[in-house]
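This is what each chain is made of:
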Amino acid sequence: MSWKIQALKRSPWVFHVNAGACNNCDIEIVNCLTPRYDIERFGIKLVGSPRHADALLITGVGTAQAAPRVKEVYRQTPKPCVVFLIGACPCGTGIFRGGYHVVGPVDKIIKEEDPNAIICYVPGCPPKPEAIISGVVKALSAL
Amino acid sequence: MTFAKILFWILVLPVSLLLGLFASWLVRKVSARVQWRKGPPVCQPLWDIMKLLGKETLIPQDAQQTVFIAAPLVGMAGVLLLATILAYAALFKQPLVGDIIVAIYLMVLPSLGLILGSSASASPHAAVGTSREMKLVMGYELPLVLAFVIVIINTGGILSLPTIAENTTVLSISNILAFLVALLCVQAKLGFVPFDIAEAETEIMSGVMVEYSGALLAIWKIMQALMLVALPLFLVQVFLGGFGATIWPGILKYVLVLVLIILIKNTNPRVRIDQAMKFFWVYCGILLFAAGVLAALGNLYELRWL
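Chains as they are written, first to last, in numbering that gives the first Met the number 0: chain A, 0 to 142; chain B, 0 to 305.
Among the hints, erroneous ones may be present.
[As the list claims (entries may be wrong)] Simulated pairs of lysine-lysine, DSBU-like, Cα-Cα distance not exceeding 35 Å:
1. A/3 - B/37
2. B/264 - A/127
3. B/28 - A/137
4. A/137 - A/8
5. A/127 - B/28
6. B/264 - A/44
7. B/92 - A/44
8. A/3 - A/137
9. B/28 - A/3
10. A/44 - A/3
11. A/44 - A/8
12. B/264 - A/78
13. B/4 - A/44
14. B/4 - B/277
15. A/8 - B/28
16. A/44 - B/28
17. A/78 - B/277
18. A/127 - A/137
In short, the hints are calculated from the structure, not lab data.
Quantities reported herein were computed from a predicted structural model and do not represent experimental measurements.
Input sequences plus hints: build the corresponding full structure.
So this is what it looks like as structure tokens:
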């Protein structure tokens with residue numbers, strides 16, 4: 000295994016993208032940073048700019064407004080990067096299936112931009128912080 | 000050139016780099032413990048730097064490329080030179096290339112690099128960060144230089160770094176006041192919390208560094224780590240009597256300054272830029288004026304405790 004991947008596994012910095020979420024998954028993501036879960040133990044850090052990020056945490060269904068922005072953010076992220084879809088909505092549009100504003104699911108939007116993107120699905124409405132951490136661990140060990 | 004000096008020139012870069020990474024780990028770990036968290040492992044800053052070096056470096060289309068790439072290097076070179084001068088003065092008790100004035104000039108280089116790099120990166124967030132960083136530099140630079148002037152008055156006009164460390168009166172009122180002001184200025188120089196206005200992750204997305212990625216961001220992170228070595232060392236050398244004959248009191252003083260900086264970082268909210276300017280110019284200005292009068296009186300009437 001190359002040292003690049005090894006180092007990436009030990010310090011994945013995440014950027015949080017809201018693609019039209021109801022805010023529930025966003026709260027669960029913030030929950031991971033609290034003293035109870037403290038993901039900084041694993042070197043995971045929430046950063047403010049996609050340029051600094053190694054992983055995108057995408058929540059929300061992927062609305063017509065959000066889709067071009069999600070693609071833009073994916074282009075701005077330096078590669079290699081991992082995309083995490085947090086919650087039922089980005090994984091498969093959830094309860095918003097067939098809505099007039101829905102162009103998702105988000106994995107479809109990302110694959111239009113880059114067919115070889117590394118995508119990890121964390122379903123749940125909302126997923127528990129334990130589920131998010133478990134998803135991150137599984138995705139990183141699969142790299 | 001003696002053997003010790005050859006060893007110094009070989010080791011100054013790796014040792015100051017490792018010390019800086021260790022200090023930045025200490026900042027994160029102590030912050031985590033203050034917030035009742037567990038905190039990252041010791042090697043974390045090293046992994047961060049390695050990961051950033053291995054990633055793709057994106058340069059924005061509208062950016063001024065030469066300045067965008069050169070700015071982090073200028074900043075890092077400045078801090079590295081400052082750390083070398085201070086370590087040389089502390090270990091060998093001899094001035095290297097210049098005296099305290101050279102060190103004060105070198106201290107401006109990282110902020111200058113940040114201003115240049117972020118204004119070259121063609122991003123609105125970086126533009127806001129640039130303007131804030133410029134105002135902040137104007138705010139803290141004057142009190143910082145005045146604090147050093149008070150030490151120079153106290154020592155009777157000595158400018159050479161090792162001689163200042165030997166002659167300064169650590170426990171005089173004016174020296175303590177000047178040290179307090181300089182500590183807060185260093186806080187602003189490091190971009191730590193009450194004065195992290197230019198970076199402000201939650202507000203303007205780490206402002207000045209918003210467009211940097213990959214290896215260039217790694218150089219900024221190395222620069223910040225080196226600043227954690229150089230600036231507390233500067234305070235120790237100028238205000239707290241330097242390293243002395245043995246090395247242990249000096250290391251204890253360095254750790255004391257570092258822990259003070261971390262605790263100030265963790266117990267304060269971020270201030271606005273106008274509040275920061277008012278704090279540095281009005282409150283620190285009054286404090287320094289009083290300290291200056293005391294120092295001059297003490298010098299005139301031979302009272303060492305003033």
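Right, here's what the structure says about each hint:
1. A/3 - B/37: Between residue 3 of chain A and residue 37 of chain B the Cα gap is close to 26 Å, so the pair holds against 35 Å.
2. B/264 - A/127: holds (32 Å)
3. B/28 - A/137: holds (26 Å)
4. A/137 - A/8: holds (11 Å)
5. A/127 - B/28: This hinted pair holds, its Cα atoms lying about 26 Å apart.
6. B/264 - A/44: Given pair residue 264 of chain B, residue 44 of chain A holds - Cα atoms ~18 Å apart, limit 35 Å.
7. B/92 - A/44: violated (42 Å)
8. A/3 - A/137: holds (18 Å)
9. B/28 - A/3: holds (25 Å)
10. A/44 - A/3: holds (18 Å)
11. A/44 - A/8: Since the Cα atoms of residue 44 of chain A and residue 8 of chain A sit roughly 12 Å apart, the hinted pair holds (cutoff 35 Å).
12. B/264 - A/78: Holds - the C-alpha atoms of residue 78 of chain A and residue 264 of chain B are around 33 Å apart, at most 35 Å.
13. B/4 - A/44: violated (40 Å)
14. B/4 - B/277: violated (45 Å)
15. A/8 - B/28: holds (20 Å)
16. A/44 - B/28: Holds: residue 44 of chain A and residue 28 of chain B sit about 13 Å apart, inside 35 Å.
17. A/78 - B/277: violated (43 Å)
18. A/127 - A/137: Within the cut-off at roughly 15 Å; holds.
The structure does not agree with the numbered hints 7, 13, 14, 17 stated previously, though it agrees with the rest.
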